[in-house]
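J.: In case you want the letters, here they are:
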Amino acid sequence: MMDGAGPGAPPDTTVVLCANLDTLGHGLDRSEIQNWLHASVPSVHVRVVADLCRRPSGIARAVDTEANARLVLGMCSGNHSRADLQPHLRRIGADPLGVELVNLGAYAVRAYPRRQATERAKILLAGAVAKVQAFQGSRPENSKPLMPAVVNRRSLLTLSLLEYQPVPAIQTERCHVDRGCRQCVRACPHEALLVEGDAIRLEKARCTTCGVCVTACPHDAVDLPGYAPAQLSAQVAALLGTGPADRPRSILFICRDTAPVLERLARRGISCPANWLPVEVPCVGMVPPAWLLGCLTLGAAAVGVLPCVDRCRSGGRRTIEEGVGYCRALLRALGELDDRITLLPTDEQQLIEALPALPATGGAVRESRHRRTPTLAPPFATGMRAQVLLRLAEEYRADRAFAMAHPLSPFGVVEISRGCTTCGACAAACPAGALALEHRPEDATVTFDAALCTACGECVPACPEASIVLRRVTDLACLSGGRVALYRDRLARCRSCGQPIASEAMVKRIAALLEGQPAAIVGLIAQYCADCRTTLSPSTPAPYTDAH
Amino acid sequence: VVRSGVVEIISRLAPLRHAAYRLFAALFLYPDDDRLAGVLETSGVLRRYDASTARLAFFPPWQRLLITMEHLSLDGAAKVREEHMRLFLVNPVVPPYESLYTPAQADGGGIVAARLTREYADSGLALAPSLAEPPDAVAVELEFMAFLTEQEARAWSHGSLDEAVQVLAHEQRFLVQHLDRWFPALARRVRTAAPEGFYATVAEATDAFVRHDRDLVDLVLMTVRMAESLDGRRTAGAAG
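Listed in order, the protein sequences are those of chains Z and R.
Under my numbering, residue 548 is the last one in the first sequence; the count climbs by one each step, no gaps.
Under my numbering, residue 240 is the last one in the second sequence; the count climbs by one each step, no gaps.
Isolated chain R, as found in the complex:
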């Protein structure tokens, strides 16, 4: 009963998590006209699911972000581009790369990028040359989580619990080793550098979402494993 309940819950959440990761990934890339239009359209769609997302703790900053995007004017779009350039691109105040948030003695720049490239390759992925972002860019890491959550959603839809749990374990590993480890520091820097800006809202929502996702994945895996060990004991008891 526990297991089926957990499965039902987490399988319903996977598509939402996938959409959220895609949205956040896109938001950290340069907001040219096409990308911005796509992001605004997606956020409009996601807004319709407020009644469901309100059930999750990251809802307040998430809602603030969607409302901010809903009210983004043409003039506002120009300001967003300017802010993106200043924060993340030209002589960036907040470089959005994991290597720069990792203690120097452990990395030195290339190790994180190399690890990530291998990680992506193990999942059958390679960076598109047109993207012009290194593997440790925040947008790339968020996009990779979007990929994993999509795999997970697919596994759920095929009714393959074992495969879904495997993907969840991969998500947990990636969050622990990468995003959840350094994104909070990036978010803090964005909020300090431009507290009233558009990207403060983006960073706040992403931060709340990533932290929540880490907790959620931990919880689900723990619950599934507990249920499995309970099932195992029951089976052993019945056999005995």
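Chain Z extracted, bound-state conformation:
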């Protein structure tokens, strides 16, 4: 395999197509796909392997061995054994957790006429290529071994021992657990994340790879190969932006566990309109409102979400209902049709009706909003939440004073009502770094950046003076206003050395708490710093000694 074109060029990627795709369903034009990928997608090589889905050993002959090989496999179905496939990938130097398998059978060939199937296959493969090119590699912590679902004679003879699924791992250098952040631990529906000392540990046996912790982390410190925000951003951007801008495209987030249901329906010819492009996630509960809105800013005509058809193990259904509810309320408030974001039914019979009924093209409003040139860099990163919203508001020409209160708003605005002593407890409790305590020579200031606030509410109970109010509101002025001072207080200085003691409000508060104590003690504490209190002349009362 050749190296990439140069520095900054996307890594070389091989797309391997199963030759059987030609004869499946309505078939597709494989040579057109090959030519188009060569011409349109940078750094891509295309190979075709006979019977790839049943004999994955063919990959070794099609792909030159090279460390860090990026691979996309175009498969006939999703019914393949990971335990059979993964060893072949490892032997050619590919990381199995970074290889993208595209079920072209279900998502292109089986349910669409040849022409449409070919077009869909091109776009889906381009999306998968972008996704694997954004893959940052996996670590040993990211693999969870599983016993094969079926242990039969063949698996024993071929030593198909174990299969592996990706699990999240914490990037310790980014994690704020040492500063009290517990967002991932609280978000995990399976209690699989535990705090151990200054680290978060994953109990792999409990983890179902739902991915909820990935988007709960305000610091992008949870690493889940295959479902990293940067990878999914790249995939969605490519799905929406690759190829001719002939008609609006829409994104359908699909729960991984529902993929077999879609495959079954596709075999019966039931599917969504051809301009709806699937993005599989481990659980739709991991998809935050910012991702749904982010798709719109990348040019999606609409966004759909398809939760588990079976009972959701992760409680993702409720989470995504809330997220969709918030997004739809926001779109309405911005003057848009709220059906640009849709939640599909989980009942299979209802799904059979709902899938083909998804709007093939948008209404007049959607057409006018439709954009094909994404200008926002990876919008799924946690730090991009506010920018996504501001971009959307800009597209809708929303008033800068626009504000929408919503009980489930993922954005919040913190206010300090009264009694703040600038103790900094709120800043210490804030996991996202939205609240901070800044010291300057003359004063101490509590500052707030609404763009970072996740409305988690940790600051409210942390305040000893009950001075914090959190409003769950999406407020454009606050989101675009940067960091602002919420409360500022002058520093009281030591009468002896001039060093700061605490803020004046804090000193007053302590004096009030010491009401009834000897005035000398109160005076000492209120007027001298900790160092000077201990070094004052012996005649000065020493309130902290045993003798006193």
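Everything labelled a hint here was simulated from the structure, so no lab data went into it.
Please note that a few of the clues may not be correct.
[What the hints assert, rightly or not] Label-pair restraints from in silico Cβ distances:
id, chain 1, residue 1, chain 2, residue 2, range
1, R, 41, Z, 11, 34 to 40 Å
2, R, 91, Z, 480, 54 to 60 Å
3, R, 47, Z, 199, 32 to 38 Å
4, Z, 260, R, 48, 34 to 40 Å
5, Z, 203, R, 90, 38 to 44 Å
6, R, 48, Z, 137, 25 to 31 Å
7, Z, 247, R, 49, 49 to 55 Å
The C-beta atom is built at its ideal place from N, Cα and C for all residues, glycine as well.
Assemble the complex: chain Z is given as a structure, and chain R must be docked to it using the hints.
T.: Below, chain R without anything else, positioned relative to chain Z:
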């Protein structure tokens, strides 16, 4: 069915795990000529099993290690010795002893070593005086895991499931309390101190292997226990 499948799988893996632990243990000892020759020979043999080891997630760093050893020249051997001295022996950049990776308040140096000595003694083992390594040296802990996996392999070959499960539980305890707890930190330090060196490859492969082994042992014990409780329920159901 589940139980027999799991037994078949894990019993096949035990000899490989034993060989890997022995190899890693030897790699962390001073690489004199004899030891290096032995290690190279072993790695050559293990390389023949690539088709099988590729089925396990630690294969990529494992393969990198075996290939590195395959290409080790005489000149390379001298460099390896030099690197070993610098990293682990003389005023070591990365001291390979568990006590130094344990929070001071919990240990103070001797407690870990004392616990390990007792642990080895309970298994009928004592440190050979010729080894000149303390009980918490990485090589000694890896060698102890090699011992346990050998016991396990023997139990499987005798068809003694209960004994094998007992040994597996011991392996799990040892990994949780010792190797898996501190080896990742040692591996990180080696990779930082000499990212391009031979021992970065060794540390990476050992780290991947130890983490995998912990996951594997957890998985097997969980599966066996689930199967046992299923069997128990079936028996109770049949009796009822």
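J.: Could one say that the CB atoms of residue 47 of chain R and residue 199 of chain Z fall in the range 32 to 38 Å?
T.: 36 Å, holds
J.: Mind checking the hinted window 49 to 55 Å against the Cβ distance between residue 247 of chain Z and residue 49 of chain R?
T.: 54 Å Cβ-Cβ, so the 49 to 55 Å window holds.
J.: Are residue 48 of chain R and residue 137 of chain Z spaced within 25 to 31 Å by their CB atoms?
T.: At roughly 28 Å between Cβ atoms, residue 137 of chain Z and residue 48 of chain R fall inside 25 to 31 Å, so the hint holds.
J.: Is 38 to 44 Å right for how far apart the beta carbons of residue 203 of chain Z and residue 90 of chain R are?
T.: 41 Å, holds
J.: Return holds or violated for the Cβ distance of residue 41 of chain R and residue 11 of chain Z against the range 34 to 40 Å.
T.: Holds - the Cβ-Cβ distance for residue 41 of chain R and residue 11 of chain Z, about 37 Å, lies within 34 to 40 Å.
J.: A range of 34 to 40 Å was offered for this pair. Does it hold for the Cβ distance of residue 260 of chain Z and residue 48 of chain R?
T.: 39 Å, holds
J.: Using the C-beta atoms of residue 91 of chain R and residue 480 of chain Z, is the stated range 54 to 60 Å upheld?
T.: 56 Å, holds
The structure agrees with every numbered hint stated previously.
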